[in-house]
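If you read the sequences in order, they're chains F and R. If you use the numbering used here, the first sequence corresponds to residues 1 to 392, in order. If you use the numbering used here, the second sequence corresponds to residues 393 to 688, in order.
One should not assume that every hint holds.
Dumping the calculated DSS-like pairs for lysine-lysine here, alpha-carbon to alpha-carbon at most 25 Å [stated by the list, open to error]: (1) R/681 - R/557; (2) R/584 - F/55; (3) R/648 - R/477; (4) F/39 - R/477; (5) F/304 - F/282; (6) F/55 - R/681; (7) R/479 - F/55; (8) F/5 - F/39; (9) R/557 - R/648; (10) F/289 - F/304.
Derived by calculation from the structure, the hints in this document are not laboratory data. Predicted model only: the values in this text are computed from it and were never measured.
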Amino acid sequence: MFERKFINGNAAVAHAVRMIQPEVIAAYPITPQSTIVEKVAEFIAQGELDAEYIKVESEHSALAACFGAVSAGCRVFTATSSQGLAYMCEMLPYVSGNRMPMVMAVANRGMAAPWTIWGDHQDSVSMRDQGWIQLYVENAQEAFDTCLQAYLLSEDSAVRTPVMVCLDGFVVSHTDELVELPDLQAVQQFLPTYQPLYSIDPATPFTFSIGVAPDRYMEYKYSQQLGMDAALHLIPQISARFAAIFGREQAGLIDAYRCADAEYVLVTMGSVTGTARVVADKLRSSGLKTGVLKVRSFRPFPSKALVEVLSQVKGIGILDRNYSFGNQGALGTEVKAALAGNTAQQQIINFIAGLGGRDIKPSDLELMYQKIVQAVELDTVAQPVEFIGLRG
Amino acid sequence: MINSIKELPAEELVYGSMACAGCGGNLALRLALKVLGKNTVVVTTASCLMGVTTFYPQLAFGVTCVTSVFPGTGAVVSGVVAGLKRKGREDVNVLGFVGDGGTVDIGLQALSGAMERGEKFIWLCYDNEAYMNTGTQRSGATPYGAITSTTPGGPNEMWENRPKKDMLAIAVDHGIPYVASASIAYPDDYIKKIQKAMQAPGPAYIQVLAPCPPGWGHATSQTVAMGRLAVQTGIWPLAEHEQGEFRFTHRPVNRKPVGEYLNQQGRFAHLSPETVSAIQADVDAKWDKFNSGCGF
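Isolated chain F (complex conformation) (with noise of 0.2 Å):
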């Protein structure tokens, strides 16, 4: 049984919240990510959700609380975007170091300077290397699906990793669209009550997050690599159970959308993948055989997954919509690694489009297949990175 509701991927992502029951959230407002605490707020008022919710005073205690609130074995929610995400910044680490498992949503959004509040995925891609598992979601639908999954794989006692679901703002946060919101049973049957490994009881005293010596850190640290390994396991059984339960498909690790006889591919994360698909059809029926893959799991990064779908493919168009300057596109690196030691001959770009909320239109996702199609033909890469829908 399901309801069916217009809404978009904030009031998405509130819903799930009522539906998960975390026990204690942590708020704190900022663009575009402030309509989903205060959609969980209405919900705590309206007697849909019962949980502690704390007032913060800021992004960098919102996740501090969280963290006093895991340590006390409760289940915990909160959201941010942006320059709430630098700031919390510190926290990141601490969370992730401890092994807390957690959910936190991130309307993704352009880091200033300057001043920018629309959307790009800058904010989340610098907080890589923090030990949070990355989902990256395409509508508002994803948006809720994620969420629930997300926590499944947070509080699994091999992976005990937190998971930010990035998705990104305005065109996903702010968008109305049909989602399928399913009945709280059956949230529950999917998602059961979390079990804390270890949780504060004064009846037997540990001490939290410790100090350790150079002859003991590096186990810690390999140890969270093998909960992102746990983690790349688990992804897409977690997402097979939901699409059993649930009657909808989840993307997994990945979403390859016509890749099979593709001979060139755009590899895509977050809200532009629709629009890919689009353009990939209309290709398609001018004879080009394109395809979209899209990377729904930036950490852990599904290198395995994906050489499998890219490996054969003449010219792949990786659009990244952040970028390490002095570099390239952080899609376009990853991808490029994955790829190391693929004995085909292939062309690859990195475009970079979409910063601070530009909008990529069809046209620009067009002239990036026509690049991709036009390096394979010449057998060479005119301009590695590129970027797409500069003003003149």
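Chain F is fixed; fit chain R onto it per the hints.
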């Protein structure tokens, strides 16, 4: 009600810490935990005390301890309080045990948020008047005239030229139910204040002066003596602000000259007689305000 240090339980709830000989902060923690007992969670942060108690495998706490980030301790306290409430464990004492830097400087925002939210917790600021853990750099709680590693002496007179930040007044202005100053040199007074903090219906803030032999430049045997002189000279009054009422808990009858306190510490050894007189004048002015009925 425990009225005296003699009535404290023998059991140590912080044991085997690696603190320096004569550490005032360690004494503040030991006494506080003896009063609070085992039904306590300590939230601590970057500070000497965290360094000397939570470094594996030499874990010194006999109660649960959650170590936290420097700017976020107040928020971690809030999270622990909310989490324990959720688990039906509102009976557990939640103690933020934090140095002066983690309280008046980098931790102030999160502490302010926690005090403003009104949750029930105790914040114990052990005040050794500088960042001692990292090598005696000045903090907002460093007093006027002190030499620290970032306010050195020398011909350009870079020694601390600003008065100590008045965190007690800041705490009072948050409208919390209990605020007190205390000293490790007056343990009976300190013990009573911890108990009042336990019973407060919301946030309780205690700032306990904790002399630091290496940072202040006095002999390790003189920690308690320095604590006493700070009170006897009127530099560190012992008082409390409870449900809107201010009162002294120990009032020196004849205040000793501040020079008796300053002259015994290496950090003040450079002060000219004129500067000592200026500090005396400041302390006298503060007491004029106290005597005219002003609180913290």
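Results of checking the hints against the structure:
Taking the CA atoms of residue 681 of chain R and residue 557 of chain R, the gap is near 17 Å; set against the 25 Å cutoff, the hint holds. A C-alpha spacing of about 32 Å is found between residue 584 of chain R and residue 55 of chain F, which places the hinted pair above 25 Å, so the restraint is violated. Only pairs whose Cα atoms come within 25 Å are accepted, and residue 648 of chain R paired with residue 477 of chain R is rejected, the gap being roughly 48 Å. With a C-alpha separation of about 23 Å, the suggested pair residue 39 of chain F and residue 477 of chain R falls inside the 25 Å cut-off, and the hint holds.
As the CA atoms of residue 304 of chain F and residue 282 of chain F are separated by approximately 29 Å, the hinted pair breaks the 25 Å bound. Distance hint between residue 55 of chain F and residue 681 of chain R is unfulfilled; the C-alpha atoms sit about 37 Å from each other, more than 25 Å. Taking the CA atoms of residue 479 of chain R and residue 55 of chain F, the gap is about 19 Å. The hint holds against a cut of 25 Å. Annotation: proposed proximity of residue 5 of chain F to residue 39 of chain F holds, straight-line Cα distance about 15 Å (limit 25 Å).
As the CA atoms of residue 557 of chain R and residue 648 of chain R are separated by approximately 23 Å, the hinted pair is consistent with the 25 Å bound. Proximity of residue 289 of chain F to residue 304 of chain F is assessed by CA-CA distance (about 23 Å); at most 25 Å being required, the pair is judged to hold.
When held up to the earlier numbered hints, the structure conflicts with 2, 3, 5, 6 and fits the remainder.
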